[in-house]
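Protein chains in written order, with numbering that gives the first Met the number 0: chain G, 0 to 378; chain E, 0 to 271.
Hints are supplied without guarantee of correctness; some may be wrong.
In silico lysine-lysine, DSS-like type, Cα no more than 27 Å apart, as pairs [stated by the list, open to error]:
| hint | chain 1 | residue 1 | chain 2 | residue 2 |
| --- | --- | --- | --- | --- |
| 1 | G | 130 | G | 148 |
| 2 | E | 255 | G | 146 |
| 3 | E | 173 | G | 171 |
| 4 | E | 255 | G | 119 |
| 5 | E | 173 | G | 125 |
| 6 | E | 173 | G | 146 |
| 7 | G | 302 | G | 273 |
No wet-lab data here; the hints were simulated from the structure.
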Amino acid sequence: MKSLGSIRRSFSPWTDPAAKPYIVFENVTKKFGDFTAVNNLSLTIYEREFFALLGASGCGKSTLLRMLAGFDEPTSGRILLDGQDMRGIPPYRRPVNMMFQSYALFPHMSVEQNIAFGLKQEGMPKADIDKRVADMLKLVKLEQFAKRKPHQLSGGQRQRVALARSVAKRPKVLLLDEPLGALDKKLREETQFELMDLQQNLGLTFVVVTHDQEEAMTMADRIAILDKGQVMQVATPAEVYEAPVSRFVAGFVGNVNMLEGTVAERSEKTATIKGASGAEIRVENAGDATAGSTVAFAIRPEKIKVSSKKPDGAANVMEGEIYDLAYLGDMTVYHVRLADGQVVKASALNSSRITEDPLSWNDKAWISFAPDAGVVLTR
Amino acid sequence: MNATWSRFNIASIVLGFAFLYLPIVLLIIFSFNESKLVTVWAGFSTKWYGELFRNQSLMDAAWVTARVGVLSATFATILGTMAALALTRYTRFRGRVLFSGMVFAPLVMPEVITGLSLLLLFVAIGLDRGFLTVTLAHITFSMCFVAVVVQSRLMTFDRSLEEAAMDLGATPVKTFFQITLPVILPAVISGWMLAFTLSLDDLVIASFTSGPGATTLPMKIYSQVRLGVTPEINAACTILIAIVATGVIIASLVNKRREVQRLRDEQAANRG
Numbered sequence: 000m001k002s003l004g005s006i007r008r009s010f011s012p013w014t015d016p017a018a019k020p021y022i023v024f025e026n027v028t029k030k031f032g033d034f035t036a037v038n039n040l041s042l043t044i045y046e047r048e049f050f051a052l053l054g055a056s057g058c059g060k061s062t063l064l065r066m067l068a069g070f071d072e073p074t075s076g077r078i079l080l081d082g083q084d085m086r087g088i089p090p091y092r093r094p095v096n097m098m099f100q101s102y103a104l105f106p107h108m109s110v111e112q113n114i115a116f117g118l119k120q121e122g123m124p125k126a127d128i129d130k131r132v133a134d135m136l137k138l139v140k141l142e143q144f145a146k147r148k149p150h151q152l153s154g155g156q157r158q159r160v161a162l163a164r165s166v167a168k169r170p171k172v173l174l175l176d177e178p179l180g181a182l183d184k185k186l187r188e189e190t191q192f193e194l195m196d197l198q199q200n201l202g203l204t205f206v207v208v209t210h211d212q213e214e215a216m217t218m219a220d221r222i223a224i225l226d227k228g229q230v231m232q233v234a235t236p237a238e239v240y241e242a243p244v245s246r247f248v249a250g251f252v253g254n255v256n257m258l259e260g261t262v263a264e265r266s267e268k269t270a271t272i273k274g275a276s277g278a279e280i281r282v283e284n285a286g287d288a289t290a291g292s293t294v295a296f297a298i299r300p301e302k303i304k305v306s307s308k309k310p311d312g313a314a315n316v317m318e319g320e321i322y323d324l325a326y327l328g329d330m331t332v333y334h335v336r337l338a339d340g341q342v343v344k345a346s347a348l349n350s351s352r353i354t355e356d357p358l359s360w361n362d363k364a365w366i367s368f369a370p371d372a373g374v375v376l377t378r
Numbered sequence: 000m001n002a003t004w005s006r007f008n009i010a011s012i013v014l015g016f017a018f019l020y021l022p023i024v025l026l027i028i029f030s031f032n033e034s035k036l037v038t039v040w041a042g043f044s045t046k047w048y049g050e051l052f053r054n055q056s057l058m059d060a061a062w063v064t065a066r067v068g069v070l071s072a073t074f075a076t077i078l079g080t081m082a083a084l085a086l087t088r089y090t091r092f093r094g095r096v097l098f099s100g101m102v103f104a105p106l107v108m109p110e111v112i113t114g115l116s117l118l119l120l121f122v123a124i125g126l127d128r129g130f131l132t133v134t135l136a137h138i139t140f141s142m143c144f145v146a147v148v149v150q151s152r153l154m155t156f157d158r159s160l161e162e163a164a165m166d167l168g169a170t171p172v173k174t175f176f177q178i179t180l181p182v183i184l185p186a187v188i189s190g191w192m193l194a195f196t197l198s199l200d201d202l203v204i205a206s207f208t209s210g211p212g213a214t215t216l217p218m219k220i221y222s223q224v225r226l227g228v229t230p231e232i233n234a235a236c237t238i239l240i241a242i243v244a245t246g247v248i249i250a251s252l253v254n255k256r257r258e259v260q261r262l263r264d265e266q267a268a269n270r271g
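Next comes chain G alone, as it looks inside the complex (with noise of 0.2 Å):
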């Protein structure tokens, strides 16, 4: 079986026409003054789905969150919980609970206080909320800390609880605004896995927002990348990089060349992209590209092969010189520009510890790369 990326999925409602969504946004606009942070957007979640909203700041994500919370009303448009219409529904009356990106922590409370307020607030008898607040604290490995308050707790004890207060009223819906954008780097690796763990393991929807398209990457089943206050792509992680729709989605995940050119020959399959120097390409998926139509060729660094040797029985070779290189350990970064000028990134995993034949700067080099490597953009 053939798919894109190197992950079979076997969660994938969003594919199945007979799955009921379970938080759908109509056709929302948010407009704050003569801001629009929000434009005519329609999004379908499915349930147990964990999902992203990737994008810029500005760009509307932490927007739709809030309304999805019910801390903003749309201006126009409807949201949908399981099929309940949210409008005019407070933010105390909804199945949905938020973990905020300043964490939020009631600073004249302790640890357990935060963790059972929203047990409280439910009426939920004594003893139920002890044993639920233990669960918590269990879950996110902080017995010890019960009697803390928040400030004599570290940055990753603080999001921690956070978390176990934004899941121990075991909500059907929970937020997360840029759940890790305070931690450092191996930390959130490592909170990753435990939040893609939790999700799991509660069996809840997560809607996620962020603009670290990695942290996306590794932990959403489905991503929506947006921009100006409209999606531009949603899809699962491989699709959204293997296969962007436009421009500006193929830039905005991990890196890419983007070869600009017309289609010089258009088959049913296939077509041959025509550089402005004349350079051709020949590509096997070239989508809705007509004809005569001006297009980008979009190509990840990683799929495209250097070597010092013209490649023999390669689809598409182009020769150059290696501008710059990086070393990086697990992989080299080279820089090639071609005959046109145009520099080439390309990328080769270090699968071995003794290269015979390494490559130096301003030495002849060859590209080259397969006819379904890449992507034709018309967007």
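The hints should help you fit chain E onto chain G, whose structure is shown.
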């Protein structure tokens, strides 16, 4: 060079403190004077303190002052806190600039004008001058001080705390009493203490708005001083100074202790 500068510094500090505290020190010393003549020292005695507590009219005035202070400070704190909340939270209502300007106008308004205008109002609506009118007047002018103190705390208040509380199921009213108020409580308390102190030493506004049977301590002291300073008055003032100084010292000690504890906690947390 260093030595001359430090001598200059010492001299200016000594002079500055002398200028501030010498009159107060003199007052305290003469409150323990044996003689009835205020400016002639005739040996140590505490008899004027005894006289003071036997002086029924002074004690009555002190009792009025205490009741006016507690009542007006409490109401001023409630109203001032509400005003501060409205001004920081509802930033887009009509006439906000006008309203916030009006709330803070009494801060710079000459007391004579405040007092006179309140007097005119009470006469116009036919309210007999007395305990009620002086309390109302004190609420009016100390409310804006509370509003300033509480507003500056609310400026740095993290609104996401309230959102988190509501997100966890607390209604706006519960959110206010369980989250907002406890967090801003130190500012509210210092607002109350400020209002109480202002009420305690107000002479001008009280003179305008008070009536027979509601003479406050500053009014009483002032009227007696006009007939000549007695050692009794010195004793009364010394007690007032002691009360205020104790309050200030306790407040700063508590603050300092909390700050030190907080620093220690944070260091402990960062160590792991």
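When you check the alpha-carbon spacing of residue 173(E) and residue 125(G), does it fall within 27 Å? The given pair, whose Cα atoms are some 19 Å apart, holds under the 27 Å limit.
For the pair we were handed, residue 302(G) and residue 273(G), check the Cα-Cα distance against 27 Å. Judged against 27 Å, a Cα distance of about 20 Å means the pair holds.
Given hint residue 146(G) paired with residue 173(E) - CA-CA distance at most 27 Å: Between residue 173(E) and residue 146(G) the Cα gap is close to 23 Å, so the pair holds against 27 Å.
Residue 255(E) and residue 146(G) were given as a pair; does the straight-line alpha-carbon distance stay at or below 27 Å? holds, 23 Å
Is the Cα-Cα distance between residue 255(E) and residue 119(G) 27 Å or less? Violated, because 34 Å separates the two Cα atoms, which is more than 27 Å.
Are the Cα positions of residue 130(G) and residue 148(G) separated by 27 Å at most? holds, 20 Å
Going straight from one Cα to the other, do residue 173(E) and residue 171(G) come out at no more than 27 Å? holds, 23 Å
In summary, the structure is inconsistent with hint 4 from the numbered list given earlier, while agreeing with all the others.
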